[in-house]
Amino acid sequence: MKLFTSKDKLYTAGAVLCLLILWEVVSRAVGASIILPPPGETWQELVRIITYENFWTAVFNTTTRSLIGFTLTFLTALLFAVLAGLWKPLYYLFSPLVVITKAAPPISIILLALIWLGTEKAPVLVGSLVIYPIIYTNIIAGVDNVDHKLIEMAAMYRIGRLRKLLEIYLPSIMPYVLAACSTALGLNLRVVIMTEVLSQPPISMGTSLQTARVFLNTAGVFAWTVVAIALAALFDYSVSTLRKRMEVWK
Amino acid sequence: MEIRMDRTMQKALQITNLAKEFKVGKGVKSLKVYENFSLTVPEKKITCIMGPSGGGKTTLLNLISGLLKPDSGEFKGFAGKTVSYLFQEPRLLPWKTVWQNIDFVSKDIYPKKQRAEIVDKYLKMVDLYDFRDYWPEKLSGGMKQRVSIARAFVFPSDLLLMDEPFKGLDLQLKISLMDSFAALWQQDLRTVIFVTHDLDEALYLGDEIYVLSGLPARVNKSLQVKIPRGERRYGEGKLKELKEEWLADYHDLIFPPERENNG
Ligand SMILES: Nc1ncnc2c1ncn2[C@@H]1O[C@H](COP(=O)(O)OP(=O)(O)OP(=O)(O)O)[C@@H](O)[C@H]1O
Ligand SMILES: [Mg+2]
Numbered sequence: 001m002k003l004f005t006s007k008d009k010l011y012t013a014g015a016v017l018c019l020l021i022l023w024e025v026v027s028r029a030v031g032a033s034i035i036l037p038p039p040g041e042t043w044q045e046l047v048r049i050i051t052y053e054n055f056w057t058a059v060f061n062t063t064t065r066s067l068i069g070f071t072l073t074f075l076t077a078l079l080f081a082v083l084a085g086l087w088k089p090l091y092y093l094f095s096p097l098v099v100i101t102k103a104a105p106p107i108s109i110i111l112l113a114l115i116w117l118g119t120e121k122a123p124v125l126v127g128s129l130v131i132y133p134i135i136y137t138n139i140i141a142g143v144d145n146v147d148h149k150l151i152e153m154a155a156m157y158r159i160g161r162l163r164k165l166l167e168i169y170l171p172s173i174m175p176y177v178l179a180a181c182s183t184a185l186g187l188n189l190r191v192v193i194m195t196e197v198l199s200q201p202p203i204s205m206g207t208s209l210q211t212a213r214v215f216l217n218t219a220g221v222f223a224w225t226v227v228a229i230a231l232a233a234l235f236d237y238s239v240s241t242l243r244k245r246m247e248v249w250k
Numbered sequence: 001m002e003i004r005m006d007r008t009m010q011k012a013l014q015i016t017n018l019a020k021e022f023k024v025g026k027g028v029k030s031l032k033v034y035e036n037f038s039l040t041v042p043e044k045k046i047t048c049i050m051g052p053s054g055g056g057k058t059t060l061l062n063l064i065s066g067l068l069k070p071d072s073g074e075f076k077g078f079a080g081k082t083v084s085y086l087f088q089e090p091r092l093l094p095w096k097t098v099w100q101n102i103d104f105v106s107k108d109i110y111p112k113k114q115r116a117e118i119v120d121k122y123l124k125m126v127d128l129y130d131f132r133d134y135w136p137e138k139l140s141g142g143m144k145q146r147v148s149i150a151r152a153f154v155f156p157s158d159l160l161l162m163d164e165p166f167k168g169l170d171l172q173l174k175i176s177l178m179d180s181f182a183a184l185w186q187q188d189l190r191t192v193i194f195v196t197h198d199l200d201e202a203l204y205l206g207d208e209i210y211v212l213s214g215l216p217a218r219v220n221k222s223l224q225v226k227i228p229r230g231e232r233r234y235g236e237g238k239l240k241e242l243k244e245e246w247l248a249d250y251h252d253l254i255f256p257p258e259r260e261n262n263g
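If you're matching them up, the sequences are chains P and Y in order.
Everything in the first sequence is counted per the working numbering, starting at 1 for the first residue and increasing by one.
Everything in the second sequence is counted per the working numbering, starting at 1 for the first residue and increasing by one.
Just so you know, these hints were derived from the structure itself, not from any lab.
Glycine included, C-beta positions come from ideal geometry on N, C-alpha and C.
Do not take every clue at face value.
[Unchecked claim] Covered stretches of chain P (in silico footprint by chain Y; criterion: 3 or more residues with CB under 8 Å from a CB of chain Y, positions within the stretch not fixed):
id : stretch
1  : 140–153
2  : 159–173
[Stated by the list, open to error] Pair by pair, the computed Cβ-Cβ distance ranges are:
id : chain 1 : residue 1 : chain 2 : residue 2 : range
3  : P       : 241       : Y       : 117       : 47 to 57 Å
4  : Y       : 24        : P       : 115       : 51 to 61 Å
5  : Y       : 116       : P       : 116       : 35 to 45 Å
6  : P       : 116       : Y       : 30        : 54 to 64 Å
7  : Y       : 133       : P       : 87        : 34 to 44 Å
8  : P       : 165       : Y       : 21        : 47 to 57 Å
[Unchecked claim] Dumping the calculated DMTMM-like pairs for lysine to aspartate or glutamate here, alpha-carbon to alpha-carbon at most 25 Å:
id : chain 1 : residue 1 : chain 2 : residue 2
9  : Y       : 174       : Y       : 236
10 : P       : 149       : Y       : 164
11 : Y       : 107       : P       : 152
12 : Y       : 121       : Y       : 164
13 : Y       : 23        : P       : 167
14 : Y       : 81        : P       : 152
15 : P       : 149       : Y       : 236
16 : P       : 149       : Y       : 163
17 : Y       : 138       : P       : 152
18 : Y       : 124       : Y       : 108
19 : Y       : 121       : Y       : 108
20 : Y       : 107       : Y       : 71
21 : Y       : 113       : P       : 144
22 : P       : 164       : Y       : 170
23 : Y       : 243       : Y       : 137
24 : Y       : 81        : Y       : 163
25 : Y       : 107       : P       : 41
26 : Y       : 174       : Y       : 164
27 : Y       : 96        : P       : 144
28 : P       : 244       : P       : 144
29 : P       : 149       : Y       : 71
When you get a sec, could you build the whole thing from the sequences and use the hints?
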């Protein structure tokens, strides 16, 4: 199944071009680059920050935070969701926790994380708490939707527990897992950067954004935003490649 | 040897006083599919179950296989038997190829090398060897059905339950599959319960034919086919005579004579 044809790509390129033109026009109308810098200035700023010595360190630190948090959360959520899916009492035990983490305002979580963990680890915890319920509920939905007719079939042919888990449950929940990953990876990155803005760890994308703001360098804020978008797009691309690879049978 | 054969042939599985009802809808009385139902299934024979759609045939197989629990009743001789169940739907794993789907049930049973040979053999039997690397999603309904037939045969079981296995297949393929099935069956003489709507199929393969009717279901009619399998021709000769005899009776059953006179 091919989702995007070359025609689609052409339209997308056209849309991006339109947006750039609109951006240029509006920023000229505003006439103050401290409020809305034009694309050209943002581009120059982007080139400047990329050549800046701490750029890659900042990107690396933020990416690491983001990926470590994501991986730990993903594994925990997978484990808990599969256990809860297979054993109801655990499901009931976890459900208030999920409701709480879902409903708590992110800023409360940020403040608590800062109190508990300090500037470097707080973003990891905040990101984790925000994406945990998403991954967990998605996987639970996956476990619930496993075709019981296939499970009956496997039972009839005396397939062992482990093989049932690996060859039926896992492939059935895979689409749900991957859908959760693609949402959670990007969201996690955004939340990590947001928390970095507030917690100010030494060198990071969030800290750089905050610094640019403090110096009224709006073009800098735009440039760092472009970097964050590019990073999110890279994450998204990796997940969708993985997805295509895993769902060849569709 | 002869004597032993005789003794095993007399053995039978026995279902007695079976009862099963379903809750079927809102504000509707629960549906009694079985009540005081008894059935004898001779071991190492092919028993055919016929009957109307919605007449409880699949339910019976589900009860025998243990997928459904009866409300009451006794199953004698079934305990500890391994079962292959050819479901009414193919139930293939969409993320495994045709070959892997069949291999799925043999993995824990045969050593690796023998496994490949066995899977290939059955794939050839259902005429799907060229499609072994296809995803099930890419097959037609009848092809999927054949994969599930091969899977059921690969699994060595004492009891083989088949729910309309040959539906949706063209006549030529159907006869060739039934012949392969009969040949295979001759080798290991499993106890087979074979649900079908097609009297020709039942006469061609069956030793014993039961016809269910009504709800709660009753055995309405039964027939033993004593013609040796080698002499049976599908839908022809002696089988045709049997069928006509049978249909004459059936006519009276479906259209009771008094009614006909009134109309
Ligand atoms: N799981 C179930 N829950 C409720 N009712 C059921 C269930 N399974 C079957 N029934 C009911 O039991 C009756 C018998 O169904 P069953 O599937 O055994 O029929 P069948 O003889 O296999 O029919 P067909 O030839 O169409 O496959 C039907 O009226 C059906 O509505
Ligand atoms: Mg049925």
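Quick rundown of the hints versus the structure:
Counting residues of the stretch 140–153 of chain P whose C-beta lies closer than 8 Å to any C-beta of chain Y gives 4; at least three are required, and the coverage claim holds. Here the stretch 159–173 of chain P counts 6 residues with a CB under 8 Å from a CB of chain Y, which clears the bar of 3, and the coverage holds. For the pair residue 241 (chain P) and residue 117 (chain Y), the supplied restraint of 47 to 57 Å is violated, since their beta-carbon distance comes to about 37 Å. Distance hint for residue 24 (chain Y) and residue 115 (chain P): a CB-CB separation of about 58 Å, consistent with the stated range 51 to 61 Å.
Between residue 116 (chain Y) and residue 116 (chain P), the C-beta spacing of about 57 Å breaks the proposed range 35 to 45 Å. About 57 Å separates the C-beta atoms of residue 116 (chain P) and residue 30 (chain Y), a value consistent with the hinted range of 54 to 64 Å. Between residue 133 (chain Y) and residue 87 (chain P) the Cβ separation comes to about 38 Å, which falls inside the hinted range of 34 to 44 Å. Separated by about 34 Å at the C-beta atoms, residue 165 (chain P) and residue 21 (chain Y) break the suggested range of 47 to 57 Å.
Distance hint between residue 174 (chain Y) and residue 236 (chain Y) is fulfilled; the C-alpha atoms sit about 15 Å from each other, no more than 25 Å. Of the pairs offered as hints, the one joining residue 149 (chain P) and residue 164 (chain Y) holds, with about 17 Å between alpha carbons and a cut-off of 25 Å not exceeded. A threshold of 25 Å between alpha carbons decides the hint, and for residue 107 (chain Y) with residue 152 (chain P) the separation of about 18 Å falls inside it, so the pair holds. A distance of roughly 23 Å separates the Cα atoms of residue 121 (chain Y) and residue 164 (chain Y); the hinted pair therefore holds under the 25 Å criterion.
The straight-line distance between the Cα atoms of residue 23 (chain Y) and residue 167 (chain P) is roughly 33 Å, outside the 25 Å bound, and the hint therefore fails. A threshold of 25 Å between alpha carbons decides the hint, and for residue 81 (chain Y) with residue 152 (chain P) the separation of about 17 Å falls inside it, so the pair holds. The suggested pairing of residue 149 (chain P) with residue 236 (chain Y) is violated, with an alpha-carbon distance near 38 Å, which exceeds 25 Å. Between residue 149 (chain P) and residue 163 (chain Y), the direct Cα distance comes to roughly 15 Å. Compliance with the 25 Å bound is thereby established for this hinted pair.
At roughly 23 Å between alpha-carbon atoms, residue 138 (chain Y) and residue 152 (chain P) fall within 25 Å of each other, so this suggested pair holds. Taking the CA atoms of residue 124 (chain Y) and residue 108 (chain Y), the gap is about 22 Å. The hint holds against a cut of 25 Å. Distance hint between residue 121 (chain Y) and residue 108 (chain Y) is fulfilled; the C-alpha atoms sit about 18 Å from each other, no more than 25 Å. For the hint linking residue 107 (chain Y) to residue 71 (chain Y), the alpha-carbon distance of about 35 Å lies beyond 25 Å, and the restraint is violated.
For the given pair, residue 113 (chain Y) sits about 37 Å from residue 144 (chain P) by alpha-carbon distance, which is inconsistent with the 25 Å threshold. With a C-alpha separation of about 34 Å, the suggested pair residue 164 (chain P) and residue 170 (chain Y) falls outside the 25 Å cut-off, and the hint is violated. Distance check on the hinted pair: residue 243 (chain Y) and residue 137 (chain Y) sit about 38 Å apart at the alpha-carbon level, beyond 25 Å; violated. Under the criterion of a C-alpha separation no larger than 25 Å, the hint pairing residue 81 (chain Y) with residue 163 (chain Y) is consistent with the structure, at around 18 Å.
For the given pair, residue 107 (chain Y) sits about 64 Å from residue 41 (chain P) by alpha-carbon distance, which is inconsistent with the 25 Å threshold. Note on residue 174 (chain Y) and residue 164 (chain Y): the hinted pairing holds, with a Cα-Cα distance of about 12 Å set against a maximum of 25 Å. Under the criterion of a C-alpha separation no larger than 25 Å, the hint pairing residue 96 (chain Y) with residue 144 (chain P) is consistent with the structure, at around 21 Å. Pair hint residue 244 (chain P) plus residue 144 (chain P) holds up; C-alpha atoms about 23 Å apart against a cutoff of 25 Å.
Proximity of residue 149 (chain P) to residue 71 (chain Y) is assessed by CA-CA distance (about 22 Å); at most 25 Å being required, the pair is judged to hold.
In this structure, the hints that do not hold are numbers 3, 5, 8, 13, 15, 20, 21, 22, 23 and 25, in rising order.
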